[in-house]
Amino acid sequence: MSGATPAAPQAPAMPTLLKPEMKRTREGFGHGLLDLGQKRPEVVVLVGDLSGSTNVSFFAEKFPDRFIQVGVAEQNMMCVAAGLAATGKIPFLATYGAFASCRSADQMRVTVAYTDLPVKIGGAHGGISVGPDGATHQAMEEIAIVRSIPNMKMIVPCDYWETRKATVAAADDPHPNYIRFGREPVPVVTGPDTPFTIGKANTMREGSDLALIACGVMVYEALVAAKELETRGIHARVINMHTLKPLDEEAIARAARECGAIVTAEEHQVHGGLGSAVAEAVVQSHPVPVELVAVHDRFGRSGKQDELMTAFGIKSPDVVRAAERVLARKRAR
Amino acid sequence: MPRLTMNVPELQERALFVRRDIVALLARSQSGHSGGPLSSTDFGTVLFFHEMSVNPRKLDDPARDMWHFSIGHVTPVIYALMAERGYFPLVDLLGFRQFKGHLQGHPSKHDTPGIEVSSGSLGQGLSVACGMALGSRMDGNKRRVYCVMGDGEQQEGQIWEAAMFAAHYKLENLCAVIDYNRKQIDGDVQDIMGIAPLQDKWKSFNWNVLEVDGHDVAAILRAFEEARATRGKPSVVLAHTVMGKGVSFMEDDYKWHGIPPTREQADQALREMGTTLEEWTARLECHTAPEVAPGTGRSA
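Residue numbers (our numbering), protein chains in the order written: chain A, 1 to 333; chain B, 1 to 300.
I should point out that these hints are in silico values taken from the structure, not numbers from a laboratory. Glycine is no exception: its CB is placed at the ideal position from the N, C-alpha and C atoms. Don't take every hint at face value.
Sample of chain A residues facing chain B (criterion: CB under 10 Å; computed from the structure) [said to hold, decoys possible]:
no.: 1; residue: A73
no.: 2; residue: M77
no.: 3; residue: A82
no.: 4; residue: L84
no.: 5; residue: T87
no.: 6; residue: L117
Here chain A stands alone, though its shape is the one from the complex (with noise of 0.2 Å):
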């Protein structure tokens, strides 16, 4: 006997906010498709030239004959499941978000928005996390491009699991989506049975000092803020703001009552993106101080997912930067 006690079993480590599970928002997109092929026969996918990197091929392979493939033509692929869905389809499509929001926007405002075709439109590789591609496959555009189409709504999950539920969410809607979501893993923040209807805000932390209205990735890094900003004292309530468009203008007024002070946090453009919506609710219902972490009227370039959001002015150091800067805004009114 060596006498050496022999090591127990180390049980995996619980998730906590700042070791959190990683997933792709992208696997819930296509796990959610997967959900769909079981129960909505009318649901058809298409795709072009991406079946891979947006996850669609999980539904090609359990379900062929209602996969189509459109290669590289993104207006074709937008206009074909418009016709698709005026046969009682219920079309997803999947691309990236560069493409699906602006190559063939005129598609989607005229032919199946102005239609009012319940057509789903999936957005891959949103926002500066998607690294190294660089700036042309970085989507930064697309909140402001889908929320200014009538018919339109806009969704951007946080995680995997809100994608995989907005997903399937998207095919009980007669009108037509977007939902945005991302190619690297990111924290998984919500669970299976955490609710979510479109155009209902959730509430991840309560407090008063201030409110983080987030979306996306974002909702996590606003989350860390907030853990951050506990340590100073300074309580503030994080609601994750998946649904752009119809927006939750009724959780933004009541933050806006309650705190006082609003940061938005997003991994879009500062213009026509999540803190543009907010600032508009705001204006109209209970003005106070907002400030807005989003990317600054630049393009994206290459790099790590990190190191982007860093450098870009995204990740949760400075959403408290910002709460410091509303909230002495705030004290000054």
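Mind docking chain B on chain A? Use the hints.
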């Protein structure tokens, strides 16, 4: 399922009515396109009064054929065909482009029941028709899908994305028609941006290509018959037409692409067509309930 099967003289008469409607409604609206609607009238009439199964009484009839005008600006002919075919009363044509009417400048599904998908931005319609054809086939629905395009519209890149798609998926239930009137809003197509040889282009995209005189009703009937019998590939009918056909002072003049006739010009045009503006407007005004043209067709 209501498919009328009119013969050639009946179709020619119906086309004359449609042309008169177009001129009269444009005279009232004083806004809209004259040239393309008049060049599309003959094949449009063959589609609505012979070739297609449509059911104005039950718009979502699963047995209906589907039709889509990618050239949304030819609403005068679309609405005239719809009204003559019984989708809505003829009197409604006089509300074309008016705030209170239900006939938008470009086709709108939610304003005009019977329009399957709104259109108006060129180049998108063939893709829509591809989706309709593929969706119908996935459902085992035997319907056919018809898509009307313009020749100037062939300059849009998306047309060729859709052309590739339709041939790749062997959409034999899809039939496109191109109103080949050789004019577009800025001038002659060959001067603006040449599209010739158009037949070769479509052939090289693996389509069944049919060329017809787009004002020869008997030839148009035969072309649609041939398209219907074609297996394994989609068909396109290149309909050689004359812009402004039927109105002497509009024919073959690109300036009539996007403008309406004055009331005086409309009256002159209608006199060339054997009526007057007053007489034909009165016909539209007294027609307040839709009905399928009586006596001329038999159900197939």
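Hint-by-hint comparison with the structure:
1. A73: holds (4 Å)
2. M77: With Cβ-Cβ at 8 Å, under 10 Å, it holds.
3. A82: holds (5 Å)
4. L84: Where the cut-off is 10 Å and the nearest Cβ of chain B is about 4 Å from L84/A, the hint holds.
5. T87: holds (3 Å)
6. L117: holds (7 Å)
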